[in-house]
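Residue numbers (this note's numbering), protein chains in the order written: chain A, 13 to 252; chain B, 13 to 252; chain C, 13 to 252; chain D, 13 to 252.
Hint data in this document are derived by calculation from the structure and do not stem from the laboratory.
Hints are supplied without guarantee of correctness; some may be wrong.
Pairs involving identical chains hold if they fit within one copy or between any two copies, as the list cannot separate such chains.
Unchecked claim - Derived EDC-like pairs: lysine to aspartate or glutamate, alpha-carbon spacing no greater than 16 Å straight-line:
(1) LYS118 <-> GLU89
(2) LYS185 <-> GLU239
(3) LYS118 <-> GLU96
(4) LYS118 <-> GLU251
(5) LYS118 <-> GLU43
(6) LYS118 <-> GLU239
(7) LYS118 <-> ASP243
(8) LYS185 <-> GLU65
(9) LYS118 <-> ASP135
(10) LYS118 <-> GLU174
(11) LYS185 <-> GLU31
(12) LYS185 <-> ASP92
(13) LYS185 <-> GLU93
(14) LYS185 <-> GLU152
(15) LYS185 <-> GLU89
(16) LYS118 <-> ASP39
(17) LYS118 <-> GLU152
(18) LYS185 <-> ASP39
4 protein chains.
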Amino acid sequence: MSHPRILIWNEFRHERTTEAVRRLYPDGIHEALAAPLRTAGFPVATATLEQPEQGLSEAALAGADVLIWWGHAAHGEVADEAVERVHRHVLGGLGLIVLHSAHYSKIFRRLMGTTCSLGWRVDGARERLWVVAPAHPIAEGLGPHFEIAAEEMYSEFFDIPEPDELVLVSWFKGGEVFRSGCAWRRGFGRVFYFRPGHETFPTYHQAPVQRVIANAVRWAAQAGRREAAPDNRRCAPLEA
Amino acid sequence: MSHPRILIWNEFRHERTTEAVRRLYPDGIHEALAAPLRTAGFPVATATLEQPEQGLSEAALAGADVLIWWGHAAHGEVADEAVERVHRHVLGGLGLIVLHSAHYSKIFRRLMGTTCSLGWRVDGARERLWVVAPAHPIAEGLGPHFEIAAEEMYSEFFDIPEPDELVLVSWFKGGEVFRSGCAWRRGFGRVFYFRPGHETFPTYHQAPVQRVIANAVRWAAQAGRREAAPDNRRCAPLEA
Amino acid sequence: MSHPRILIWNEFRHERTTEAVRRLYPDGIHEALAAPLRTAGFPVATATLEQPEQGLSEAALAGADVLIWWGHAAHGEVADEAVERVHRHVLGGLGLIVLHSAHYSKIFRRLMGTTCSLGWRVDGARERLWVVAPAHPIAEGLGPHFEIAAEEMYSEFFDIPEPDELVLVSWFKGGEVFRSGCAWRRGFGRVFYFRPGHETFPTYHQAPVQRVIANAVRWAAQAGRREAAPDNRRCAPLEA
Amino acid sequence: MSHPRILIWNEFRHERTTEAVRRLYPDGIHEALAAPLRTAGFPVATATLEQPEQGLSEAALAGADVLIWWGHAAHGEVADEAVERVHRHVLGGLGLIVLHSAHYSKIFRRLMGTTCSLGWRVDGARERLWVVAPAHPIAEGLGPHFEIAAEEMYSEFFDIPEPDELVLVSWFKGGEVFRSGCAWRRGFGRVFYFRPGHETFPTYHQAPVQRVIANAVRWAAQAGRREAAPDNRRCAPLEA
Chain A
13 MSHPRILIWN EFRHERTTEA VRRLYPDGIH EALAAPLRTA GFPVATATLE
63 QPEQGLSEAA LAGADVLIWW GHAAHGEVAD EAVERVHRHV LGGLGLIVLH
113 SAHYSKIFRR LMGTTCSLGW RVDGARERLW VVAPAHPIAE GLGPHFEIAA
163 EEMYSEFFDI PEPDELVLVS WFKGGEVFRS GCAWRRGFGR VFYFRPGHET
213 FPTYHQAPVQ RVIANAVRWA AQAGRREAAP DNRRCAPLEA
Chain B
13 MSHPRILIWN EFRHERTTEA VRRLYPDGIH EALAAPLRTA GFPVATATLE
63 QPEQGLSEAA LAGADVLIWW GHAAHGEVAD EAVERVHRHV LGGLGLIVLH
113 SAHYSKIFRR LMGTTCSLGW RVDGARERLW VVAPAHPIAE GLGPHFEIAA
163 EEMYSEFFDI PEPDELVLVS WFKGGEVFRS GCAWRRGFGR VFYFRPGHET
213 FPTYHQAPVQ RVIANAVRWA AQAGRREAAP DNRRCAPLEA
Chain C
13 MSHPRILIWN EFRHERTTEA VRRLYPDGIH EALAAPLRTA GFPVATATLE
63 QPEQGLSEAA LAGADVLIWW GHAAHGEVAD EAVERVHRHV LGGLGLIVLH
113 SAHYSKIFRR LMGTTCSLGW RVDGARERLW VVAPAHPIAE GLGPHFEIAA
163 EEMYSEFFDI PEPDELVLVS WFKGGEVFRS GCAWRRGFGR VFYFRPGHET
213 FPTYHQAPVQ RVIANAVRWA AQAGRREAAP DNRRCAPLEA
Chain D
13 MSHPRILIWN EFRHERTTEA VRRLYPDGIH EALAAPLRTA GFPVATATLE
63 QPEQGLSEAA LAGADVLIWW GHAAHGEVAD EAVERVHRHV LGGLGLIVLH
113 SAHYSKIFRR LMGTTCSLGW RVDGARERLW VVAPAHPIAE GLGPHFEIAA
163 EEMYSEFFDI PEPDELVLVS WFKGGEVFRS GCAWRRGFGR VFYFRPGHET
213 FPTYHQAPVQ RVIANAVRWA AQAGRREAAP DNRRCAPLEA
């Protein structure tokens, strides 16, 4: 599958209410995420909270191989039915890439089963992301580490199930560490959490960040789409 | 902690409606589970679906180190608030032992984030449980394998997150296998799924099954009780 | 990488000394493994113990993306230097597929760090392999399970590090189970152990077995070749 | 098992050849490690490279529940037979705690199967160790993080098999991160790698470091001692 179909979902609030964010992401974070992926040849659709069915219709989800999710201020406004729909599709092989503050989204917490809480501080200081699994497809082309000059800080303890594969660990100038690139298999789907992306910083315009996201799309799409595991099923005897 | 406090929760339906089950478990599956644990010195309380707050009050949960859960016909009747309460306590270190058909309970599916569906057949044939992690505390004293003469069959694919530790794998006479003893860490808690225990068979009266459950209680209690991870927390700078 | 370069290594003893084996594999197990892979378009080289440098020269290893290994009677004759060479290449991204009795090969034990011992019985009874990770690339196209009419039995406890991904579990007619498809990441490489393949049965002529091996080749090749991790390296200070 | 028997092995070179090290550890690093463990009630024996059988006789190993290992300059002098002996005992349940530069010891590399190489810099700057698994027994009593005012720096990529449980991640003032507390199960044994402890710093005199080591001893001893997994074993048929 050379070019998985991508659906980028963004709650799209800060960009419309906060001038500083609009300046960084004038067309919304979803368009900033979409641009380099389109350039790389991926078919990309975008969706936002204000759209019909919150942009998460059955058709929209069925038409994607990978869903990228950004949310922050409006997690509670995402309808439970939409979350259940996304959940079912992820268990059926829809790749899911969860960005930054979406660690607290309903869908991520639903998939993880834990609180997903963490420590934070918006100080705009340096973050350095270290590759701890250099042969993982998501680390391809990154080198041993890369930097973001100014970001929000996230710190441990990050209350998640231990990742099936830990790919990136962040160092923060202020003295903290964080498991910033975490991969899980759930049902028939693949889930990747990627930490950077606070709305007041130009993070998604930076090449290494874009590289991680494109790598993660390819990795998450490998599972392939199907129906989620069927209900408990009565089985006839086999030849024993 | 030599004797963790145990709370055994049973939906307690089949034993009151089906004569064949009542004959096997005249005081309910919960009392059959409790008896050997009490003999071994554990303080054991029991709770059932018909009790006030469905037997899952804040006080009942706060007073336990480990919760054992059996349910089958009435998963849907367990109140969502009760499930949230149990979930919060498990993330705060309450050990959880999920038995047999409780793979489809709300609380287990909530913690796993997947469908937890599987294949099944009630044919009362032999099950042999193989120890694949002989040094795990839950396998203590079991030898390389043990048998149950007649049980319901469960087969793969079992739609769960890959266990943090796989302890037991079942062989069924009818030709199937199943991951029967699975351990996970979630939040500050420990969760163990143990397959056997269909209500129409005397499974919980058998010594190796009782041994696994007692071992699992000790293992699950090791996490210790505390508050679940707090909400996202703003952090002051550290000395860098 | 559409067609990784494959090197198939076979100790090639039983086929020359035992008539029953020669009848099943007249050109050696390596050629039986090679045929369907060549048909599928993979470039395949073969090597055997009697060749110069035991078929494991620096050039042979450098020219492969994936190494398939079959051995049984002559593990001890494989030179330690050859094992070290293979080990270095695997840590540098050479995929390694370890078949059947090669669980006791020097290279597999070297990579695992455990005894890799197991239980066995050559009774030629039915084996049924269950897929416990249906979304894993190695399970592609297999369905929920597949059978081998007659095989040697292997049973737990199999003394290996817990697999990074458990893909297949075998059921044996004689009453045993075994973790038959196990995946690990080591260094920059990927390792897959696949159980079936006793020399006195026509296992490698069967389509589902060939399918698993071809899938495993594609999966193992994904890591990509490079140098193994360099020696401890002194690091200059970074911008902090 | 309230007080496992501990054997502390130290190559004991720097303390005898370098005045600065002798001042910090006048009786050797082994005695500095032993003192707080003895105070806590553990029976502790010590052993060094210069002793008969390099301090690693069959009797010494058989008499311990947990082995603590410190080495740096003389890894190559440890006899291969001694390493094989330790290896066999670890696979038979001897807990192993590997400290600091012993990441490059023969026994650790033998158990891991990878190069175990890493980045380093002796700059004596601050290290802060973050707990990423707060419910793990080895993290008991540590709080969210603890500091070492001056240490050698170790950085990723650390070429190890992904830990079965990752407990601690280090932040370094110079800009690096490292997986500093890593737990594995191997055979019937438990292995813990703990990073701090460069010989030119007073690390082992600090309470949180001593706490981690004591916690790790209790955790590693839980496996219990037995024989390592026996050789491949022919199995009689079971009742099927």
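Hint by hint, which ones does the structure fall short of? 2, 4, 5, 6, 8, 9, 10, 11, 12, 13, 14, 15, 16, 17 and 18
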